[in-house]
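Engineer: Chain by chain, the residues run as shown.
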Amino acid sequence: MKSLRVTAILLALSLVGFVASAQSTLTGAGSTWVYPLVAKWAAAYQQNNGVEVNYQSIGSGGGIAQIKAGTVAFGASDMPLKPEDLSSAGLIQFPTAVAGEDLVYNLPGIQAEQLVLSGPLVADIYLGKIKKWNDPAIAKLNSGLNLPDMDITVVHRSDGSGTTFTFCDYLSKVSPEWKDKVGANTSVAWPTGVGGKGNEGVASYVQRIPGSIGYVEYAYILESHLFDARMVNRDGKIVSPSLKGFQDAAAHVDFTKAQDFYVILTDHTGPDTWPISGCTWQILRKNAPKETNMAVMKFFDWGFEHGQDMARSISFGPLPSSTVEAIKSYWKKELGYSL
Amino acid sequence: MSESGVVSRLEIRPMSERPKSVGRPWGLPADFLFHKMAVFAAFLVAGVLFATVIAIAFDSRLSIHAFGIWKFLKSSEWNPVTQTFGAFPFIVGTLVSSTIAMVLGVPISFGVAVFIAEIAPAWIKKPVAGAIELLAAIPSIVYGLWGLLIFAPVFAKTEPWINDKLGAIPGIGLLFQGPPMGIGMLTAGIVLAIMVLPYISSIMRDVFLIVPSSLRESAYAIGATTWEVAWNIILPYTRSAVIGGIFLGLGRALGETMAVTFVIGNSNVLSSSLLMPGVTIPSVLANEFTEATTKLYVSSLIYLGLILIAVTLIVRFLAVLLIRRLGRREGAKA
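In the order they appear, the protein sequences are chains A and B. Mapping of the first sequence onto the working numbering: residues 1 to 339, in sequence order. Mapping of the second sequence onto the working numbering: residues 1 to 334, in sequence order.
Worth flagging that the hints you see were computed from the coordinates, not collected in a lab. One or more of the hints may lead you astray.
Said to hold, decoys possible - Cβ-Cβ distance ranges computed for the label pairs, FRET-style:
hint : chain 1 : residue 1 : chain 2 : residue 2 : range
1    : A       : E84       : B       : A66       : 20 to 26 Å
2    : A       : S242      : B       : T52       : 49 to 55 Å
3    : B       : Q177      : A       : D135      : 20 to 26 Å
4    : B       : L270      : A       : E84       : 33 to 39 Å
None of these values were measured; they are calculated from a predicted model. Glycine residues also receive a C-beta, built at the ideal position from the N, C-alpha and C atoms.
Just need the whole structure built from these sequences, with the hints factored in.
Structural biologist: Encoded structure:
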């Protein structure tokens, strides 16, 4: 009898605890790309502020659907929504952090960062127009290298992905033919090549197939020690991928001019700017309860301010302070309240 | 057929021929309950299937409306950018990879089952049967990773040989062209063959074991070899159950998602060569569903699911026809 009473009391207490914790839980869903960053911020945020952030990486499509349905406090997408789509659905969006991707290759005798590529060249390779590694167009940029007489095997992502969107957006900007024939989306109709599932799928194909080329996220290149290329950027400079290069891409965008931050970070100016940079957007509902939106804003504001080293440790570039300021004034303008 | 008197086959007899309790039909409440529960369970399964098909058909209405049926089936264009969708490469890939799986998997399953039922000494039967059944317990993602990381690199090394030898044969040589990547339609078919093996072989083994020993021993007594017993006595006796087992395996191959996605190469461009990458309906669903952002895109993916159900139904229908046909022929012979 006594033990029954104790059980009942414990049960009641745990229910109280559950209700209390439910009040300080923030839910988000969407992009798998930004998941490592949000998860890292969330763990630290819970320790410091006692608020639990529960983020489910179900994919950008799912994230957009969930925020529209109002089942989560924020959705995350790798592809920004167009301003007219945002306003018709009563949503707002803002960027979170910058990241980048690069081409990796498997060429006998050629080491990491020895190969130099340019946007139009990559577009022609992915269109299937350049088929051999010793093509004069590649050789012209790589006069010091002994390029083999080898077929190029193009590797792309098979799953829908923000990485694909950023890559194809870049190719659409540098190659009218790509824009015309293929375009940019999280999945596209690839003219040629094989598809690997996820960064690991693309990486494993490239590591295995001699003469192959693929695109993977920068963080994954560092982790897996893949051989990545240097690129010719918009200013005509040859650059290696780096966090600074991604941040420079964001810094050269005038976010105050772009409505709803609808700017994609590929192919921007600047001597050190990395051409295939991207970022992830967080999406909020305008008519969500003020406490909910405030809680989301507080979390990301905390991340922008205190999460920079955490972001760098997993190869995400923190947003430049000018961008963070632009986000804050955007919140005030769109929602009518601020932190 | 069973009237021939010599061989009575495994088959489901109609209700009217079955023995009934002569005592108290539905006399006990437990019996009554059991009857109702059995009926309920059967209808529940049928109801869930029916409801699923309705729901999938309903959710694919946008795409059906936009592309129709025939146009969707025969179009090879799958372009999320222009929002044009067609199912042809996916249907071909699904059928081809499953066919390879069956061509490789069925003979091996038959060999395994005959070995366990006829050849193996008693002490080895159990471990072999157990090992085969364990294959069914491995999650498909493990098959996928194994296929991608371990099998494909090894297979890539044999591909130049395949190119040289099989690729040189006029006609079927077209099936064996292409760079040695280790991934593609043939790799997917081989991985699928391993995955369906436990299903087909354990059903075959179970039914082979219940063949009456009088039949078997009579055959051996008049001088039949093991092969003749297996092919002429055991297989005809268990034919419909064996075909049932094969189609269970085929159903699994048609619907397999993860393992195929890892090793098939995921290219929508159709190729005549089995060494080139391909794509199947389940693999494109696994790849694109999470990031499908527009309604038409999602609807087209669900439409593909509807087509997969239709393909499976057609295959089942053909299986039933085949069993009937064989039955009639056997009956005529007897």
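Engineer: If a hint holds in the structure, say so; if it does not, say that too.
Structural biologist: Going down the list of hints, with the structure as the test:
1. Against the hinted window of 20 to 26 Å, the Cβ-Cβ separation of A/E84 and B/A66 comes to about 22 Å, which satisfies the hint.
2. A beta carbon spacing of about 50 Å between A/S242 and B/T52 agrees with the range 49 to 55 Å that was offered as a hint.
3. A hinted range of 20 to 26 Å for the beta carbons of B/Q177 and A/D135 is consistent with their spacing of about 22 Å.
4. A C-beta distance of roughly 37 Å is found between B/L270 and A/E84, which places it inside the suggested range of 33 to 39 Å.
Checked against the numbered hints given earlier, the structure satisfies every one of them.
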